[in-house]
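Asks: Kindly produce the complete structure, drawing on both the sequences and the hints.
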Amino acid sequence: SNSEERPLLQNLFNKYLGLQEAFQGIPSTLDSCLRLYTPMPKCTPTSLGWLTDNGIFYGQIEPNNEDKLLSGTKMYNLPPSQTHPLSFLITEFHILLLYHDHITGISTLSEQSIFDDYFSETYGNLVNITKDPLKGTLWVYAEKGIFKYKVNNEDRHVWQIYADQGDYELAKKYCKDDPIRKDKVLILQAESFFNNKQYEESALYYAETQCSLEEVALKFLQVENDKALKIFLKKKLSRLRSTDKAQRTMLVLWVLELLLNQLGDLRTNGKTNTSIYNQAQEELDSFLVQPYTLECIRSNKQAVYDLMASHGDESNIVKLTKSSKDYEKVVSHFINKGEFQEALEVLRDQTNSELWYMFAPVLVEDEPRDTLAAFRSMGKNLNPVRLLPALIAAANRTNSDEIIKYLEFCTNELNCQDQPVHNFLLYLLAQNRPDRLMTYLALQGEEPSMVNYDIKYGVRVCKQYNRREACVQLLALLGLWESAVDLALTVNVQLAVQTVLLPHCNSTPHLSRKLWLKIAQHVVEQQNDIAQAMKFLEQCDLIKIEDILPFFPDFTTIDHFKDAICASLQEYNQHIEDLKEEMEDATKSAEIIRNEILAFRSKYTIIQSTDVCCICDIQLLLRPFYAFPCGHRFHSDCLIAELTPLLPQDERESLLQLLVKQNDSQISLTDKDKVKTELDSIVAAQCLYCGDLMIELIDKPFIADEDYDRIRKEWE
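Mapped onto full-length UniProt numbering, the consecutive letters of the sequence shown carry residue numbers 1 to 716.
Each hint should be verified, as a subset may be incorrect.
The calculated EDC-like cross-link candidates involving lysine to aspartate or glutamate, where the alpha carbons are at most 16 Å apart (straight line), are [to be verified]:
no.: 1; residue 1: K325; residue 2: E282
no.: 2; residue 1: K301; residue 2: E328
no.: 3; residue 1: K227; residue 2: E257
no.: 4; residue 1: K325; residue 2: E345
no.: 5; residue 1: K661; residue 2: E678
no.: 6; residue 1: K329; residue 2: E354
no.: 7; residue 1: K173; residue 2: E200
no.: 8; residue 1: K337; residue 2: E314
no.: 9; residue 1: K227; residue 2: E283
no.: 10; residue 1: K325; residue 2: D349
no.: 11; residue 1: K235; residue 2: E283
no.: 12; residue 1: K301; residue 2: E257
no.: 13; residue 1: K405; residue 2: D349
no.: 14; residue 1: K322; residue 2: D366
no.: 15; residue 1: K329; residue 2: D349
no.: 16; residue 1: K135; residue 2: E92
no.: 17; residue 1: K380; residue 2: E342
no.: 18; residue 1: K176; residue 2: E154
no.: 19; residue 1: K74; residue 2: D53
no.: 20; residue 1: K150; residue 2: D101
no.: 21; residue 1: K672; residue 2: E706
no.: 22; residue 1: K42; residue 2: D53
no.: 23; residue 1: K700; residue 2: E716
no.: 24; residue 1: K380; residue 2: D366
no.: 25; residue 1: K148; residue 2: D117
no.: 26; residue 1: K235; residue 2: D265
no.: 27; residue 1: K184; residue 2: E200
no.: 28; residue 1: K176; residue 2: D155
no.: 29; residue 1: K227; residue 2: D244
no.: 30; residue 1: K380; residue 2: E354
no.: 31; residue 1: K319; residue 2: D370
no.: 32; residue 1: K227; residue 2: E282
no.: 33; residue 1: K172; residue 2: E200
no.: 34; residue 1: K337; residue 2: D313
no.: 35; residue 1: K661; residue 2: D671
no.: 36; residue 1: K319; residue 2: E354
no.: 37; residue 1: K235; residue 2: E200
Since the hints were derived computationally from the structure, they do not count as laboratory data.
Replies: Right under this line is the structure:
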């Protein structure tokens, strides 16, 4: 409306001006009687009733519906009687009709008379019936009395009425918490859908009832509706408790059978690539990942596999095994079909390394290249030692290169140090790849304690396959130098020379000289190569021309080794000159030492009266003492006391014995002088502070090992 328009009361009724008048006329000769039903005090009435000659006009009040105030209007016929009702009252589900001597109750749902309550004539005729609007109490008053009505559980039969009328949702509502009543309603609802051939809806409601599973399943089987049966079984399965394991297992297998049958029929009819088939497959996939399905599969794995196998459904067997992480079954399936690539893919996608070891023999034998490539891709996740049986069984000239490639990957890239792995690698290299054998041995090094293979085993293998050069190196590692050189000479002289020049051999002059002579003898006697023998003299300082002269034939021209003989004679001459010089130097040194000894005998030191002992700081002249050239001075008893613990065991015992003899009064003067000399040789051999004994104390523990535990306990 316009804001400038004056507000008038009539404006409230403007919206009704264009509406068509709606009314219903019901003629009646009775006094008008209108009743309203209010469910709660101070609430809007929800229904009304009007008493007429034809019966009770009843309807639901819709205050929010502007077009139609009443809905569900109907006329309830009055029960047969000689008189008309005096009054009436409406409750939630009933209409109470008041007669002069009794009250009749009519159900608003079934329109049937429910009860007749007659009153004694003592109280006179009934006058009226009414309801307390606040407390909801019903009152009936007669000419001589007032009666109070109490409504008890008025809706107890309402569920049955709604169920009979087919209003199952309301029926379930008024069943409240009574499971028996609710089950009856659900059965009626399920049967209603079934009778109307709405089998899928019927299956959903049957699954919520307590009906026998076999009985319901038979109903759907009789009408040949597998889809409804499947819905019923899945719904029933979802409602079972986790403790009902037997029933769960039966239902899971039954549903699987139905789903597999459906897929099998579609495949038979050539509908594999249709949307129907995809939907059925998705349904099966969804069912397989349900918790109850997975639990059943774990407990009855073989039964489920047998069921799928009976349908020839290989793709779903693979899916099932993957979803249940039964990779062993999947790999076995692919291997049995000869699909090794697929088997390797499954093994790569799982984390259980035991499966690799289990299937390695078959895979390496039938698909060596890809299998060994897969081994390399797994890196340190696989233990090559556990793969060795499969590798050994499959080793032949065709597969050897791939196996060698994997073993070299393990030793070089993975730093594998297991001896069996290195032994097998050495074996394959000696058997098939001698060109790479020497490279492998070189990489392992020349230190016997550091190589990862068994050297003795390597010698046997190299001898077996006549790998002499490698065998020479292995014999050298074992320290069998003479055998190594003998074998090297059967190959070539240069190999023998290289063997002798190895550090371990070259560090032992006696052995090295012996081996050089062996090589020289071979060159002279076997090859008659005098020039080559002369070159050895240049390479090795340990052998001379006179060492190899016995190897030459009796009639040999001296021209070949004239220079060597001259050089040797010159060397001997030089050696003699050097010895002369050394002798002259030794003579001069001896003369110098004699002069020093003579000078030392006349050497002296001055002891002052103020000099003190370096140990006790008491005047030195008070007791016998020792004075050393370094300037340290000690009382004899102080020096002996300090020196005794530092001496070796034998010298300490000798010192104690000499001290005992020195104090013996019966000893002669000659013997006493001898004891004194021996005592001085021990005590005065070196200064206590400047001699070797003090230096040796640097790395000696403060507490001896035998006293450590005792002293530690004392400190604690």
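Asks: Is it true that the CA of K227 sits at most 16 Å from the CA of E257?
Replies: holds, 12 Å
Asks: Measure nothing beyond the straight line between the CA atoms of K148 and D117; if it is 16 Å or shorter, mark the hint as holding.
Replies: holds, 13 Å
Asks: Hinted pair, alpha-carbon criterion (16 Å max): K227, E282. Please report holds or violated.
Replies: holds, 15 Å
Asks: Is K176 close enough to E154, meaning Cα to Cα at most 16 Å?
Replies: holds, 13 Å
Asks: Are the Cα positions of K325 and E345 separated by 16 Å at most?
Replies: Since the Cα atoms of K325 and E345 sit roughly 14 Å apart, the hinted pair holds (cutoff 16 Å).
Asks: Decide if the proposed pair is consistent with the structure: K661 and D671, CA atoms, cutoff 16 Å inclusive.
Replies: holds, 9 Å
Asks: Taking 16 Å as the top limit, are the C-alpha atoms of K337 and E314 close enough?
Replies: holds, 11 Å
Asks: Given the proposed pairing of K380 with D366, does the C-alpha separation stay at or below 16 Å?
Replies: Roughly 24 Å separates the two Cα atoms, so the pair is violated.
Asks: Is the straight-line distance between the alpha-carbon of K380 and that of E354 16 Å or less?
Replies: Status holds; Cα separation ~14 Å.
Asks: CA of K337 to CA of D313, is that 16 Å or under?
Replies: At roughly 14 Å apart (the allowed maximum being 16 Å), D313 and K337 satisfy the hint.
Asks: Does the alpha-carbon distance linking K325 and E282 stay inside the 16 Å limit?
Replies: Measuring from Cα to Cα gives roughly 19 Å; hence the hint is violated.
Asks: Is K405 close enough to D349, meaning Cα to Cα at most 16 Å?
Replies: violated, 24 Å
Hints 1, 7, 13, 14, 17, 20, 21, 22, 23, 24, 26, 27, 29, 31, 33, 36, counting from the list given before, are not met by this structure.
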